[in-house]
Amino acid sequence: SHPSCLVLVHPLFPLFLIFIHCFFALLIKVSNFASNSTHLSPSLTIKSSITLSQFSLFCGLEIFQMEGGSASGSASTLSNNENVLVSCEDSSSPAENELELGLTLSLGRERRVSYADDSSSSSLSSRASVTAGIKRTADSMAATSGQVVGWPPIRSYRMNSMVNQAKTLAMEDPIKNRTDGTTKMRMFVKVTMDGIPIGRKIDLNAHRCYESLSNTLEDMFLKPKTDGNLETRLKILPDGSSGLVLTYEDKEGDWMLVGDVPWGMFIGSVKRLRIMKTSEATGTAQMIL
Amino acid sequence: MGASSTLLMVSHGHCLLCLLFSVVRFIYIKTFNSFDSFRIKSLPSLPSLSLSPSLVLMDRRFPFKVLEHIFSFVDSNEDRNSVSLVCKSWFETERRTRKRVFVGNCYAVSPLKVARRFPKMRSLTLKGKPHFADYNLVPDGWGGYAWPWIEAMAARRPFLEEIRLKRMVVTDECLEKIAASFRDFKTLVLTSCEGFSTDGIAAIASTCRKLRDLELRECIVDDLGGDWLSYFPETSTSLVSLDFSCLDSEVKLSDLERLLSRSPNLKSLKLNRSVTLDVLESLLRRAPQLVELGTGSFSDELDPEEIAKLTKALSELKQLKSLSGLWDLLPEYIPLLYSLCPRLTSLNLSYATVQMPDLIDLLSRCSKLQKLWVMDLIEDKGLKTVALCCKELRELRVFPSGADLDETDVTLTEQGLVSVSEGCPKLESVLYFCVQFTNAALVSIAKNRPNFRCFRLCVMEPFAPDYRTQQPLDEGFKAIVERCKDLRRLSVSGLLTDKAFEYIGVHAKKLRMLSIAFAGDSDLMLHHLLSGCQSLKKLEIRDCPFGDTALLENAAKLETMRSLWMSSCFVSFGACKQLSQKMPRLNVEVIDEHPPKTRPDSSPVERIYIYRTVAGPRLDTPEFVWTIHKSPEVGVSRLSIR
Numbered sequence: 001s002h003p004s005c006l007v008l009v010h011p012l013f014p015l016f017l018i019f020i021h022c023f024f025a026l027l028i029k030v031s032n033f034a035s036n037s038t039h040l041s042p043s044l045t046i047k048s049s050i051t052l053s054q055f056s057l058f059c060g061l062e063i064f065q066m067e068g069g070s071a072s073g074s075a076s077t078l079s080n081n082e083n084v085l086v087s088c089e090d091s092s093s094p095a096e097n098e099l100e101l102g103l104t105l106s107l108g109r110e111r112r113v114s115y116a117d118d119s120s121s122s123s124l125s126s127r128a129s130v131t132a133g134i135k136r137t138a139d140s141m142a143a144t145s146g147q148v149v150g151w152p153p154i155r156s157y158r159m160n161s162m163v164n165q166a167k168t169l170a171m172e173d174p175i176k177n178r179t180d181g182t183t184k185m186r187m188f189v190k191v192t193m194d195g196i197p198i199g200r201k202i203d204l205n206a207h208r209c210y211e212s213l214s215n216t217l218e219d220m221f222l223k224p225k226t227d228g229n230l231e232t233r234l235k236i237l238p239d240g241s242s243g244l245v246l247t248y249e250d251k252e253g254d255w256m257l258v259g260d261v262p263w264g265m266f267i268g269s270v271k272r273l274r275i276m277k278t279s280e281a282t283g284t285a286q287m288i289l
Numbered sequence: 290m291g292a293s294s295t296l297l298m299v300s301h302g303h304c305l306l307c308l309l310f311s312v313v314r315f316i317y318i319k320t321f322n323s324f325d326s327f328r329i330k331s332l333p334s335l336p337s338l339s340l341s342p343s344l345v346l347m348d349r350r351f352p353f354k355v356l357e358h359i360f361s362f363v364d365s366n367e368d369r370n371s372v373s374l375v376c377k378s379w380f381e382t383e384r385r386t387r388k389r390v391f392v393g394n395c396y397a398v399s400p401l402k403v404a405r406r407f408p409k410m411r412s413l414t415l416k417g418k419p420h421f422a423d424y425n426l427v428p429d430g431w432g433g434y435a436w437p438w439i440e441a442m443a444a445r446r447p448f449l450e451e452i453r454l455k456r457m458v459v460t461d462e463c464l465e466k467i468a469a470s471f472r473d474f475k476t477l478v479l480t481s482c483e484g485f486s487t488d489g490i491a492a493i494a495s496t497c498r499k500l501r502d503l504e505l506r507e508c509i510v511d512d513l514g515g516d517w518l519s520y521f522p523e524t525s526t527s528l529v530s531l532d533f534s535c536l537d538s539e540v541k542l543s544d545l546e547r548l549l550s551r552s553p554n555l556k557s558l559k560l561n562r563s564v565t566l567d568v569l570e571s572l573l574r575r576a577p578q579l580v581e582l583g584t585g586s587f588s589d590e591l592d593p594e595e596i597a598k599l600t601k602a603l604s605e606l607k608q609l610k611s612l613s614g615l616w617d618l619l620p621e622y623i624p625l626l627y628s629l630c631p632r633l634t635s636l637n638l639s640y641a642t643v644q645m646p647d648l649i650d651l652l653s654r655c656s657k658l659q660k661l662w663v664m665d666l667i668e669d670k671g672l673k674t675v676a677l678c679c680k681e682l683r684e685l686r687v688f689p690s691g692a693d694l695d696e697t698d699v700t701l702t703e704q705g706l707v708s709v710s711e712g713c714p715k716l717e718s719v720l721y722f723c724v725q726f727t728n729a730a731l732v733s734i735a736k737n738r739p740n741f742r743c744f745r746l747c748v749m750e751p752f753a754p755d756y757r758t759q760q761p762l763d764e765g766f767k768a769i770v771e772r773c774k775d776l777r778r779l780s781v782s783g784l785l786t787d788k789a790f791e792y793i794g795v796h797a798k799k800l801r802m803l804s805i806a807f808a809g810d811s812d813l814m815l816h817h818l819l820s821g822c823q824s825l826k827k828l829e830i831r832d833c834p835f836g837d838t839a840l841l842e843n844a845a846k847l848e849t850m851r852s853l854w855m856s857s858c859f860v861s862f863g864a865c866k867q868l869s870q871k872m873p874r875l876n877v878e879v880i881d882e883h884p885p886k887t888r889p890d891s892s893p894v895e896r897i898y899i900y901r902t903v904a905g906p907r908l909d910t911p912e913f914v915w916t917i918h919k920s921p922e923v924g925v926s927r928l929s930i931r
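Protein sequences, first through last, are from chains A and B. Here the numbering used here is used: the first sequence runs in plain steps of one and ends on residue 289. Here the numbering used here is used: the second sequence runs in plain steps of one and ends on residue 931.
Isolated chain B, as found in the complex (with noise of 0.2 angstroms):
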C-alpha cells in the first residue's frame, strides 16, 4: 500500500512539474518573443529599406515600446509590409501596431487571419471584383461578397471605425451587421457596390451615433424611397461627409434642410438628382461651411428673385473647394457659378451637357484649378482655354458624351491634350476618350510632359491606326513610357503590335496596373510584358490574340502580382490547368458558360481571372465560375458550399 501510495504521490508531483513546465514556458514566449535566427524573405519588387548588419542584431536590444513608437512614424501599408519581413520582432510588433489596413484582393487572405492578424485594426479598405467588371465583363453574381469580412471583422474587432469597400456586393445584412457590431463606427464608404437598398442605409444612419462619412459613389442600390434621410438622430450628429448622388429617389427637404442645420461640422455633401434647384438656395444656407458641394439638378426655370437669392448663397460658401453634380447644367446659369470659381480646385462637369463657348467662361475663371472631369464637348477650344488659364492643372479626364457613338460631332482631337500637356506644367494624371490619334501627337505629348503618373488613352475606335499616317501607335506609346519614368498606370488602345510592348516591357519599369484592349500580334506580346515589367501588379487584357506559350513562361512572376484578367484570348484550357498545376499559391478561376470538363484541352476558354492568394480555391463561385484544382485527378470544381 506504501509503495502505490508514493507512486501515486510520484504521478501527481510529475504532473504538477508538466504545468508548472507549461506555464514557464508559456511566460518566457510572451516577454523574449524570440525563437528562430532571423529569417529575411526576398520578394523581387520589395521597396530598399536596407538595413545595416549592426542594427540588425541590435534589435534583440530594443523592447517592443521603443519599436512601437519607431513604427507608429510608418505610414504607407508598403512600408510596413517590407518592416514585417525584416524579422519576427518586428513583425510582432508591427502587427499590433497597424491601425489601417488594405486588402486589394479580397479573395487573396481570408478575413479570419486579417483579423487576428492586426488586434488594433480600425480602419479597413477592401477591393473585390476585377476593374473589368466597371465595364459590364464580368456577369453578376461572380462574387465579391462583403458577409464573410463584415462577419469575421464584427466578431473579433469590435473597435473598427472605418470600413471602405470598392466593386463588392454589400447586403442589407451587411450594412445592419456594421450598425450593431462596431460602436465607435465612423466612416463607410462604398465605391462601385451593389446588392443593397435604402434600407441598409437608414439602418447605418440610425444606429450609428458617431458617424461621420457615408459616402456611396457610383454604386447600384435598390432605392425604395427617401426616407432614409430622417433615420439620422434628432440630436446633433457629427456628420463630416455625406453623398448619395447614386441615389434616385427624392429626399424629403424639410429632412434635409433639418440635417444640414444639426450637422454643423458637414464639410462635404452631396446631393443627387433629384434635388432641384429651387430648393438648393434653402440647403446652402444652412450650410455654408461646406468645402465640398455636389448639386443636384441645376435645369429649373427659376424668377429672378430666386436666381438672385441663389447666386448670394452660392456667394456665401467661401470655402468651398470642389464643386460637381451639375447634372443637365443650362448655360443661362453658369454665371451663377462663377463667384465660386477662383477658389475651386476640382471640378466634376461630366454630367454636365454645357457646350463649348458657355465653358470657356467658366473654365477661364478656375485659375486654381487642379482636378477637371469635364465631356469631350470641351473640344479642342476649351482645352486651349484651359492649357492657358488652369495652370495648376493635376488632373484631367475628358469622357465621351454621346451615347450613341456612331455620331461624333464634336471637334475633340489629339490637339486638344497636346494643348494641356503643354500649358499645365503640373499635369500628372490623364483620362481620355478620343476617336482618333496620331503618333506625332503622343510624341510631343510625352515631351511636354515627362511627369505622368497615370496616362489612360482610350481611341474609341478599335484598332485605330494613326490617323495621319496609317501606322500604329507604337512609337506615340514608346516615347510616353521612355520619358515618362514615373508612370505607374497605364491604358493603351489604337492599332498597336508587339513592338509597342516590347518597349513597354522595356521602359515602364514603376508600372503597375496595365489596361490592353484589341492589341498585339501574338504571344510575344505578352511575354514582353511580363518578363519585362518590373513593378506590375495588375495585368488586364482583352481581345488580344495571344495564347499559352507566354502564359505558361512566365508562371513565376504571376505570383508578384495581384491579379491578372484575360478575357476573349486565346488561352487554352490545358494550359490553365498546367498552369495552376505549376503554381499552388495561385487561383485560376474560369469564367465561362460551359464547363470545361466537356471541352477539350485545347479548346479556349472565355474569360480567365488569376489572382495570387493565401486563402486556397474560393468557396463562394457561381455556376459559370469553376477554379482550376492543383491535383491533377480533381481537375476542375465548382465549390459552392452555400
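In isolation and in its complexed conformation, chain A is listed as follows (with noise of 0.2 angstroms):
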C-alpha cells in the first residue's frame, strides 16, 4: 500500500499546489478592494510572491520527508503548510498589518471591548485626575482675567505676559501720569445678570441718570421679543414689581442698591453691576438697610 498511496497522492498533489496558489492570490486581489487601499498592491504582491515562493519551498520540503511516510500524514502536513504560511506572513511583516486585514479587525475588536470593560472600573478612581484635568484649564483662565474660559481668543503665551506687563504697568501707573489732559471718554462697567453666563459690558458716561441706564439695561437683557411685557421696566425700583433688581458693587466692595446716592456719587464709586431677583436682594437689603 505504500506505493499506492504515493500514486494516489502525487498526480493530484501539483495541481493542490496550484489551486492553493490561486486560492492565495484571490484572497489577497480581494482584500485588497476592500480595503480600497490599492496603492499597497506593489508590495503585497511581492509579499504574496515571496510568501508563495516560500510556500513552495516548503511543499518541496515537505515533500521530501513524505516520501517515507504515510499517506494519512499527508493532510496533517498540508495543514502544517498552513500555518507555516500564516507564520511565514507573521515573520516577514513584524509591525505591518494590511495583509492580516480580517484577522486583526476581529482581534483588534475583542482587545477593544476588553479595554472598555476594565475602563469602567478604574473610571471612578480616576475621576479626581479627570477633573482635575479639565478645572486645571479653568482655574487657569480665571487666574489670569476671571472671566469665561478662553474668551477673549489669547494665546496664553500672549495672555500670561499680558498679565505681568499688566502688574509692571501697575507699578509704573503712580509715576507716570495717566490723566494728561486726555478725557477719560468712555468708562465700561460690566453687567452680569443672574441665569445668563455671559456679562456685558457698558459705557457709564453716555448715560447721565438712572432712568436711561435702566432703559439701557432692559434693551440689553430682556429681549423685546415679549412685546408690550411692560410690567419688567423699571428695574431699579425694588418694589417687587418686575421681580429683579439692580444692585452695584462700590469701591469697598460692598453691594448697594442702585438708585439711592446721586448720580455723581455712583459713577465716582461704582465697579460693576448686577441685576439679581428680587428675592436675593431682599436679603442684601435688609442687611444694608
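By construction, these hints were calculated from the structure, which means they are not laboratory data. Heads up, the beta-carbon is just placed ideally off N, CA and C, and yes, glycines get one too. Careful: at least some of the hints might be erroneous.
[Unchecked claim] Here are some chain A residues the structure puts well away from chain B; computed CB gaps all over 12 angstroms:
1) Tyr157
2) Ser214
3) Ile267
[What the hints assert, rightly or not] List time: in silico BS3-like cross-link candidates among lysine-lysine, alpha-carbon distance up to 25 angstroms:
4) B/Lys788 / B/Lys799
5) B/Lys799 / B/Lys827
6) A/Lys29 / B/Lys715
7) B/Lys388 / A/Lys29
8) B/Lys388 / B/Lys402
9) B/Lys798 / B/Lys715
Can you join these two chains into the complex? Each is in its own frame, and there are hints to help.
Printed below as a string of C-alpha cells:
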C-alpha cells in the first residue's frame, strides 16, 4: 500500500499546489479591493510572491519527507503548511498589519471590548484626575482674567506676558501721569444678570441719569421679543413689580442698591453692576438698610 | 522505485516552476507598473487639473523618469495631492518624488503609512491639537504626541532633514531621538509645543552637526537653565536661524557671544526677555549680517556712552528687515531704532508697552512696512498714521493691552481699522481686537479692501451689537463675505443671528477656516454653513445654541473637512453616536468629565472634536476623552493602550 498511497497523492498534489496558489492570490486581491488601499498592492504582490515561493519551498521540503511517511500524514502536513504560511507572513511583516486585514479587525475588536470593561472599573478612581485635568485649565484662565474660559481668544503665552506687563504697568502708574489731559471718554463696567452666563459691558459715561441706564439695561438683557411686556420696566426700583433688582458693587466691595445716591456719586464709586432677583436682593437690602 | 523517483523529480520541477513564476511576475510588476484601468476618484474640493483623454492615455508610454521630471515642478502639496489621484502610475511617481510632506492633523493618518508612502521625504510638517487649544479650551493631556511620528521616521526615513511641529506634545526623548537618528538634520521649528525641557534642546544643539534652524516659537518649555547654549559645537556652526524667545532663564553672555562669532551664516536671531539691553550692543557687533532680530528686554538704564554705542551697532545692521521682541520698550529708546525703520518690512511691537505719541514717531518712518503687530495702545490716531505712511502694509494685528479686560482706557475703535483699510491698498490679513464695532464700519472696510484673505475680528464683548444702531452685526459681515471673494479665513464675533451665517454660506465660497463664538440663534446657522461653504476645511464653534439636526443632516460634509470643533453647544450624546455610525471614516471624540455611558442619550456633551481619518480611533486618549465607536454594541470606549 506504500507505493499506491504515493500514486494516489502525487498526481493530485501539483494540481492542489496550483489551487492553493490561486486561492491565496485571490484572497489578497479581494482583501485589496475591500480595504480600498490599492497603493499597497505592489508591496502586497511582492509579499505574496515571496510567500508563495516560500510556500512552494516548504511544499517541496514536505515532499522530501513524505517519501518515507504514511498517507495519512499528507493532510496534516498540508495543514501544517498553512500554519507555516501564516507564520511566514507574520515573520516577514513584523509591524505591518495590512495583510492580516481580516484577522486584525476581529482581534482588534475583542481587544477594544476588553479595554472598555476595564475602563468602567477604573473610572471611579481616575475621577479626581479627570476633573483636575479639566478644572486645571479653568483655574488657569480664572487666574488671568476671571472671566469665561478662553475668551477673549488670546494665546495663553501672550495672556501670561500681558499679566506680567499689567503688573509692571500698574507699578508705574503712580509715577506716570495717566490723566494727561485726555479725558476719559468711556467708562465701561461689567453687568451680569442672574441666569445668563455671559456678562455684558456698558458705558456709564453715555448716561446722565438712572432712567436712561435702566432703559439701556432692559434693551440689553430683556429681549424685546416679549412685546408689550411693560411690567419688566423700572428695574432699579426695588418695589417687587418686575421681579428684578439692580445692584452695584462699590469701591469698598459692598453691594448696594442702585438709585440711593446721586448720579455723580454713583459714577464715582461703581465698579460693576448686577441684576438679581428680588428674592435674593431682599436679604442684602435688609443687611444694608 | 523508478516511478517514485520520477514523480519526485516532477514535484521538484513544479516547485522550481512556482519559484520562477513568482520571480517573473515580480520583475513584470516592477518594470511595467500597470495593473488596473484608470480610476479617478471624484472629491468635491479638487482644484481643477483637467486632463484631456489623449493625455491620459498617453501616459502609459511616459516612462517613470519623464514623469518624475515633470512632477519636480509641482511644488504645492495640494497640487501634488490631486496629481496622485489621477492614476496608479502617477500616484507611484508622485509619491516617490515628494520631498515636503504636510499632515494637517496628526491623527488623520498613521505615521507608518506616511513613512512608507514617501521614500524621499526630507521635510515633515505636523499639526496636533485643535486650534482652540491655544485658548485653553482643550484640557491638558488631550494628545498630540510627537513620539509615534518621530519613532516611525527614525526607523524608516533616516534622511529626514526638517521637522516642523505645531501644537504637539514633544518630550525630551523625542528631541534626543531626533538628534540621534537623523544624520543630516537641519531644521527644527516648534510652534506652541510643550512637554520638553532645555535638556532636549541641548541634545539637538550638540549632536546635530548640520543644524541650520532651531526655532521655539511660543512653546512652553521646562526651563532648567541657560546651559543649553553652550552645547553648540565649538567649530564654526552652520546656524542660520535661532529663536529662543519663549525661554525664561538667562543664558550666559559669553556663550552667546562666542556662538555668534562662529556662526557666519546666522540670519535670524530672536533673543529672550532675559537678555538685557546693555549686552545687546556686543551681540550685534558680532552679527552685522542679521536679517531678523528679536531683541530682549529694552528697558535698562543706559548711560549716554552706551546709548551711542548701541545706536552705532544698530545702524550697522544694513540688512535688517524684521524687528521683534522689544519687551518693555521705553519711549526714550525709540530714537535708537530710527536708523532701522526705513528698511523694515516686519515690525512686532506686540510686547512693547509704548503709548501713543511715541509710536507715531516710530511708525511714520517705516515706509516699507509689510507686517505690523501692535497693541491697542496705538489707538485710532496711530492707525491713521499707519494708513498714511505704511503703504505697503499687508498684515496688521492689533492685540489688546489690558490683561484685566474690565478696564479699557484706550480709544481704539472701529475707526482705526477703517482708516487702515482706506489707506493701505495691499492689506490682506487682519486680526483686530476691539471692544465694540458697527455695521457701517464693516461695510466701508469691505468696500475699501476687497482683497482680504484673512479677516479676524474679535469684538471682545460677547453678544455685542452694533453700538450705534443696536442691530446685530449681520449686515457688516455680509458685506465682508460678499465683497472679499478671496477670503480664506474668517473669525466672527459680536451679536450675530442666523442670517449672518446664511450670508456666509452663500457668499464665502473660498473660505477654508471659520471660527465662531457666542453667535447664532438656532440649528439653521450650522446648516447654512455646512451646506454652503464649499471649501470649508476647519470649523470651530463655541457657545452657540445649536444641536443635532444640522449636524446629522450634513454629515457627509464632515468628511471633506479636516476637523470640526464644537464646545458648549447643545449637541447630544445620541447624535454623536448616530454620526459615528453613519460616517465610518470620522473620529468622533467627546471630551467630557463624566463618562457618556452613564448619561442619557439626550444629554448634551461638553465638547466634541470630529475629524476625518484613515487611521481609525486613536489609541492614546486620556481619561476624559471618549471615542464614539462605529459598532453600536461597543458604544463608547477609551482606547488607552499605554
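Hints, verified against the model:
1. At roughly 4 angstroms from the closest C-beta of chain B, the C-beta of tyrosine 157 of chain A falls inside 12 angstroms, breaking its exclusion from the interface.
2. The Cβ of serine 214 of chain A lies farther than 12 angstroms from every Cβ of chain B, with a closest approach of about 16 angstroms, so its non-interface assignment holds.
3. A cut-off of 12 angstroms between C-beta atoms confirms that isoleucine 267 of chain A is not in contact with chain B; the least separation is 15 angstroms.
4. At most 25 angstroms may separate the alpha-carbon atoms for a hinted pair to count; lysine 788 of chain B and lysine 799 of chain B meet this at roughly 19 angstroms.
5. A distance of roughly 12 angstroms separates the Cα atoms of lysine 799 of chain B and lysine 827 of chain B; the hinted pair therefore holds under the 25 angstroms criterion.
6. Using a Cα cut-off of 25 angstroms, the hinted pair lysine 29 of chain A and lysine 715 of chain B is violated, with the two alpha carbons roughly 56 angstroms apart.
7. Restraint check: the Cα-Cα separation between lysine 388 of chain B and lysine 29 of chain A comes to about 30 angstroms, which exceeds 25 angstroms; the hinted pair is violated.
8. Between lysine 388 of chain B and lysine 402 of chain B the alpha-carbon distance is near 15 angstroms, which keeps this suggested pair within the 25 angstroms criterion.
9. With a C-alpha separation of about 22 angstroms, the suggested pair lysine 798 of chain B and lysine 715 of chain B falls inside the 25 angstroms cut-off, and the hint holds.
Hint compliance for this structure: hints 1, 6, 7 are broken, all remaining hints hold.
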